[in-house]
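Participant: Spelled out, the chains give:
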Amino acid sequence: MAKTHVSTIINGEPVEFLCEPQQTLLDVLRDELGLTGSKEGCSSGDCGACTVICDGNMVCSCLMLGAEAEGRSITTVEGVAQGDHLHPVQQKFLEHAALQCGFCTPGFIVAAKALLDENKNPTEEETRYWLAGNLCRCTGYDKIVRAVLDAAAVMRAEAAE
Amino acid sequence: MSYLDKDALKVVGTRPIRPDGVDKVTGRANFGADMTMPGMLWGKIKRSPHAHARIVSINTDKALTLPGVKAVTTRADFPDIPPEKRVLGAAPANLWDLSRNCMAKGKVLYEGHAVAAVAAVSPAIAEQALDLIEVEYEVLPHIMDVEAAMAPDAPILHDDIFTAGIEPRPTKPSNIAKVVRFAKGDVEAGFREADVIIERRYTTKPVHQAYIEPHACLVSVAPDGQTTIWSSSQGQFMVRGYTSRIVGADIANIRAIPAEIGGGFGGKTIVYLEPLAYMLSKKSGRPVKMVMNREEVFRATGPTSGAVVEVKIGAKKDGRITAAQTVLKYQSGAFPGSPVQQGCICGLAVYDLPNALTIGYDVLCNRPKVAAYRAPGAPIGSFGVESAMDELAHELGIDPLKLREINGAKNGTKAAHGPTWVNIGYQQTLEATKAHAHLKTSLGPNQGRGIASGYWHNAGGESSAACHVNEDGTVTVTEGHPDIGGSRASMAMMVAEVLGVPFETVRPVVGDTTAIGFSASTGGSRVTFAGGMAVTQAAQKVVEELKKRAAITWDISPDAVEWKDGKAYPAGANAGSFEPLDLTAIAGKSARTGGPISAEVQINAQGQGPGFATHICDVEVDKETGQVKILRYTAIQDVGRAIHPSYVEGQMQGGVAQGVGWALNEEYIYDKDGKLENPGFLDYRVPVASDMPMIETVMVEVPNPRHPFGARGVGEVPIVPPMAAVANAIADAIGVRLRDLPMSPPRVLAALDQVEPMRQAAE
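These protein sequence lines are chains A and B, in that order.
First residue of the first sequence? That's 1 in the working numbering, and the numbers climb one at a time after it.
First residue of the second sequence? That's 162 in the working numbering, and the numbers climb one at a time after it.
This is chain B alone, in the form it adopts within the complex (with noise of 0.2 Å):
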């Protein structure tokens, strides 16, 4: 059954409060750091002061003899992991790798890394120990610069990674993990025929997720191997699985329980200190707490790629694109992952592009191995494509606007990665944007607007469920995916929805590792979509269960029991005349119709529709001292069917000043020693309250039909466009085209002394 009849709704659409809300407004909520246990001792981490080096020794004996120190690890202590345990189920982690970014081994790669953590009675006495840990370094030549790592003598950070994805294999070993590459048509051709073409560079600055919560976890391990771990994540199977592999552990020993997490963007959907947490409370036979500070946050976890962006559009006159190419280079860190091929496919898939060419290198360097950011690789590739479109737009001498109309993708068009679009809702948030009366307000001196689209996949997968209809006739329903921005209250108002009852009789719950099947984490924009349809799934299989207990109650057919506005009725005169029977009256007999009334669905969740967007940003360039200000915004997104508006404008809002920072001021700043120069808030600059304006939010609603409510993921894709939409901008107000991230006060000064060289002269 489907509810896709938006006018027949009740529950999904409209507002409630948040049923996590109240602990979240007074305190009560408990996240990473804020769990405790009995004889609990507190770790750290011994971390690199280099960029590159060879570990020659570890010597640890003063710091095990410093009073109030129980444990201390190294890489000694954890498990090699053979090549057919390096992947565990559908997740996409190599954890050998992840085991080594954890822990170093042999190498250090970047200035962060973890070599060593101590165990002690108290954070101060934890804290010096780790100075009396001695670890001797062999200083190596170390690799910052995407296409400097890429030359064919750049120092190499793993001597038995050969590049894949080409033929034949080399024999040398590359800094160059991965090509991969994504063709349509013949660009070659396609170039030939336009009338136009730009060709043009774009750089970005890794960036960090910078949730406000730095991770967390507490472990305890029992003399027998039962685990508990309390830690804050996108996903506590993801823990339980990761962590199990990493210190060779069973995991039907681990039991992980979800924190509150406090924000992860996709930089929690991998593990840090969960296995070294493990490591320090078997060795000390005591429950041990971890949580990192900010410092280390920044030098050690996350962030996403840098990159170079070179992007290649050619147009006939009317403005058609007869081809396009991009080639993007992304900074992975230590190790191999970078999201490169999401920004390979998101950049171009915006486009009905009859000729297509993407190439895309995975690229290693001294950094921290990146983590998925909120559409990983996406943001990235789309500034290049986008800011292009908008430079082909002025040089064709056709509104941007109508030229994203001219060569949008529509149904049917057949994308450069593969897939034919169905269901989709590209033009429809073009036709929006058109309508919006943002764009017909006047700008003023130093002013501009730019706009940008934006695609994101979203994701389906695995899911678990349970609806149990309580004594009482309440309702609780157990999920397995961390809610990280109001998810719990989607889940409730679909089950409310299902079975016809007041969303604040049902309970959601996000259960532990050993309460409910197991989940996929919290990332891809799929929990709203996979963990929506498990919950709607087990909801119908209880209204099922429902009617079967009204039916032996009146000795019916089920076939004669209909359910309607929460209450079973006879379905018509032949089934008989009886009082209908709501949760609470069938409830309140379970016991004489055949037990409790419950159900549990497990899926794969197939089906996720894709998510455009389109955006319009005003700004104004201050000349003197280069900053920008946004003056207004306008996010116009393709929703499907927002379950919880207020959450979903809140996915946007959020998504839109996360990408005004990576256009704006957010940048790693390394010295030449490949050291973090910038590893606080301070330095590394995320938007604050006085730096945005009100973000307006449209919600362009084209059902997904594969979902039962017809929604589609909508975290992710309000990241991509905010770069090229404020570059775009910035050029329409002060006719400078700045093609390197952040667009920084110096960077957008730089830029206007080029062009009005008589400013720099008279200053």
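Next comes chain A alone, as it looks inside the complex (with noise of 0.2 Å):
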């Protein structure tokens, strides 16, 4: 079958590629970009180590068809950080040590600016059930609640300023 050619925007820059219709955009993001940081973990949708944020809804790229981002805008991990200015997640992420094997990592930094971008104070419980679609095997969550609230913080802060 003929490749679909697909015009999409990622991490803010146009793209274009071409992907045969069974390939997700996990597999077009990391087989056919280069954009290895987005993990696959399940391919059913259940772990969340693929999470992408596309015209501002998180989704899992597993789930998600190649074709389907035509005329979209996707960010991906690799997107979350400007230049070499770290994101208050992944800064907060790593002072907290959210983070043990990191393999889960992209999927969580990219699920909690999604969830910062819509709501600056959660609580506590807010982050862990907007969270609970990533599957952590290493920490058991404590230190990532933590870090995505400290995060909250201090985004809140940089805005009154």
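Check before you lean on any hint, since a few could be wrong.
Heads up, simulated DMTMM-like pairs for lysine to aspartate or glutamate below, C-alpha to C-alpha not over 20 Å straight-line [to be verified]:
| id | chain 1 | residue 1 | chain 2 | residue 2 |
| --- | --- | --- | --- | --- |
| 1 | B | K790 | A | E125 |
| 2 | B | K790 | A | E124 |
| 3 | B | K345 | B | E471 |
So the derived label-pair ranges between C-beta atoms look like this [stated by the list, open to error]:
| id | chain 1 | residue 1 | chain 2 | residue 2 | range |
| --- | --- | --- | --- | --- | --- |
| 4 | B | T226 | A | L18 | 44 to 52 Å |
| 5 | B | P228 | A | S73 | 48 to 56 Å |
| 6 | A | H5 | B | G409 | 44 to 52 Å |
Facing chain B, according to a computed beta carbon distance under 10 Å, are these residues of chain A, among others [unchecked claim]:
| id | residue |
| --- | --- |
| 7 | E40 |
| 8 | L63 |
| 9 | V77 |
| 10 | V80 |
| 11 | A132 |
| 12 | T139 |
Rather than coming from a laboratory, the hints here were simulated on the basis of the structure.
As the structure is a computational prediction, the values presented were derived from the model and not from experiment.
C-beta atoms are modelled at their ideal positions from N, C-alpha and C, and glycine is treated no differently.
Please dock the two separately framed chains into a single complex, following the hints provided.
Facilitator: Encoded structure:
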């Protein structure tokens, strides 16, 4: 079957690619575009390691076809930092030691950014439920939740300045 | 020289940002599946649909004719491994079993057992080719349950396995691969002395390590045999050695490069994919990448054993235990090697027992071959012992913590399995538990509190490390252990402490198998202990060299130079008067004083300190749904010395979460044909963020004098107490004892129905 031509925006840059009809957005990101920051943990939408933001919505890129990216704007983990300036969520993950193996981390970073884009002052419970679609097997979530709440506080303080 | 005086430390004990952190929060870090090579093919595995069957024939002709398919491999390509080559170095794996686990020979022994593999130009074509491989099976009766597998008339997995550990040697093959036994004193006499005896039976289900990163590798074999393996594992030297024996290659021809590893928990201490990718690469002449999907991970890797645990404990009215006995029956899966011996040892090791007996059975069944899982074997036996201790406390009317204080192991206690304890911190964990605010809070209706303790040996063993002073005075430290949870930070911290330089000037690197000397795998909570000892010694040798270089510069004796805060000083007035020299000054002139400044150290580390922990868990039981919510959790552990406290806390918290999953939800569910029904994260439910509270940690520090900084392993013992802590809390909440894991909502409801029949009638 002929490949599909797709024009999209990834991390603010216009991108064109060809993909097979069955390729997921995750396959395209990783295997066609070299954006291997998004991880494949389950390919069934259960682990969240492939989380990206598509037109402002948090999605599992393994559950979206590459062809569906046409005309959309996608943010992956590679687009969260601005140049050498880390996003507060990234900085707080480092300070709180909120990662051990680091494999689920890209998905958590994107999911946490999506949370804080939407809710400037989430409670612990809201944070836990928002992140419930992202599995971490190393940390027990304690330091991840602390990092996200701390990042939210930093972002509120920055916004108030 | 030792660094046991905590107050004198400047770097160790602080919480710097890990050196590999930015790579991991920005998506730069390269894990197993993230590497590509020019001309790379994709490999996929054909797996058995049957739990137990004889392979009558395999026909790969059609698959090979599919355009895009470049190679197919079956068992016929793999050599048999003669008995003298089945173990390698000090590694515990039987490589003949491992070889037949990677690719079935003669019979398939579990659903998902590999029978063939394909390499093609795309993953889709490789998948298509799998369907074209024709395998004819003769289906055999299968056996899943551990006690059914032990029965004399059970279907036999291997007709060449005769139970080891009993005399005389049996004449009939058996699924009981091994019997182990440890005894102290006279248990029968001990039980006669007892005022109260508790005798209970507990069961656990197989659970998977459930690392989020599926197994992955990329292998390139050149026509002359020179091979590069890029893979995610807990040991690049393990990958190199095991693959070499399974494919029949020389170790020197294989360079194994450790990818970042996305979790292992013991499950990546053996190989599955690398030998298959090797064979496909060799046959196709092109690099081959193989990545498992989650279903394959569940069906064909890990898990740890499901088990039956029988516990009998006798005590006097005052709480003093007179005898304890455990009988453990562990599933090993398709090949021998369950961690039953560790279960036997660890369950009883927490206590000072005058009389003890423990017997363990290693039992084959038609399930995937078990792999190590965090404190392998210990959580299972301890679930039984720590639950029984709680039941005993209830029976005696003694507080469960008090019962543990009365009977807990101390320095000088002779453990049931032999050693006499020195420098252990179990009683200190009990003191810290007793003092913790958690115990002083009150509980509401349907809420309960449980405590449980745990023990793990920790490991030492072979490690190499190199410390290089760069031309500008910065430092590179190379170690041989994959960094699974932040160990690079700990290594750099210990080196910075010894050299007296800022942490940020030390760059830690995990070397490939050609860049650093042999190092045993990341496992057994050994890396900060053994690897830390190696990097410390390498840095100490560098300090000696730096003093020598300063002495040459000053033309005085090296004995007249002292090293302090990162600089060489004349040792006293007699040594002369010179401006101090730091690393930058010495390294910049190294060509004039003898050349590059480096040291490499190889050790076989001994003296790992045992690890003890005590946990407190509060739960609330929803009597309508049977759901158990963890309200509060505190983990108290003797960590020796916390090198990087944040990552020590992280190990404790992660162990607790895995234990909570094991306690409440996780289990393998098979249908009557021996096929796994829940091979995905939707139905095999690991804890998510909304299932857990914050996990409080108390790091008790009883330094291990055999380590330069006092470290003892910390990663494994925190998974030992949680299952019993949760069970004990549930019993406290609703007055019902659950003895079968997982304590999932249906089981909790069933237990409630037993004690509250009116409830059932009312519904």
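Participant: Is the interface hint for A/V80 satisfied, with its Cβ closer than 10 Å to some Cβ of chain B?
Facilitator: Given a least distance of 7 Å, the restraint on A/V80 holds.
Participant: Would you check the hint for B/K790 and A/E124, treating anything up to 20 Å between C-alpha atoms as holding?
Facilitator: 16 Å, holds
Participant: Given a hinted range of 44 to 52 Å, is it respected by the beta-carbon distance of B/T226 and A/L18?
Facilitator: 27 Å, violated
Participant: Tell me if A/A132 is really an interface residue toward chain B, meaning its C-beta lies closer than 10 Å to one of theirs.
Facilitator: Status holds, d = 4 Å.
Participant: Assuming the hint says 44 to 52 Å, is it satisfied by the Cβ distance from A/H5 to B/G409 or not?
Facilitator: Given a distance of about 47 Å, which is inside 44 to 52 Å, the answer is holds.
Participant: Are the Cα atoms of B/K790 and A/E125 separated by 20 Å or less?
Facilitator: Measuring from Cα to Cα gives roughly 14 Å; hence the hint holds.
Participant: Could you grab the alpha-carbon distance between B/K345 and B/E471 and see if it respects the 20 Å cut-off?
Facilitator: 18 Å, holds
Participant: Holds or violated: the hint that A/E40 contacts chain B, with Cβ atoms closer than 10 Å.
Facilitator: 7 Å, holds
Participant: Please check whether A/V77 passes as an interface residue: C-beta within 10 Å of a C-beta belonging to chain B.
Facilitator: 4 Å, holds
Participant: A closest beta-carbon separation below 10 Å is what the hint needs, so does A/T139 meet it against chain B?
Facilitator: Nearest chain B Cβ about 5 Å off; hint holds.
Participant: Cβ-Cβ distance between B/P228 and A/S73: within 48 to 56 Å?
Facilitator: Roughly 38 Å apart at Cβ, these two residues miss the hinted range, so it is violated.
Participant: Min Cβ distance, A/L63 to chain B: is it shorter than 10 Å?
Facilitator: At 13 Å from the nearest chain B Cβ, A/L63 fails the 10 Å test, so the hint is violated.
Of the numbered hints stated above, those contradicted by the structure are hints 4, 5 and 8, listed in ascending order.
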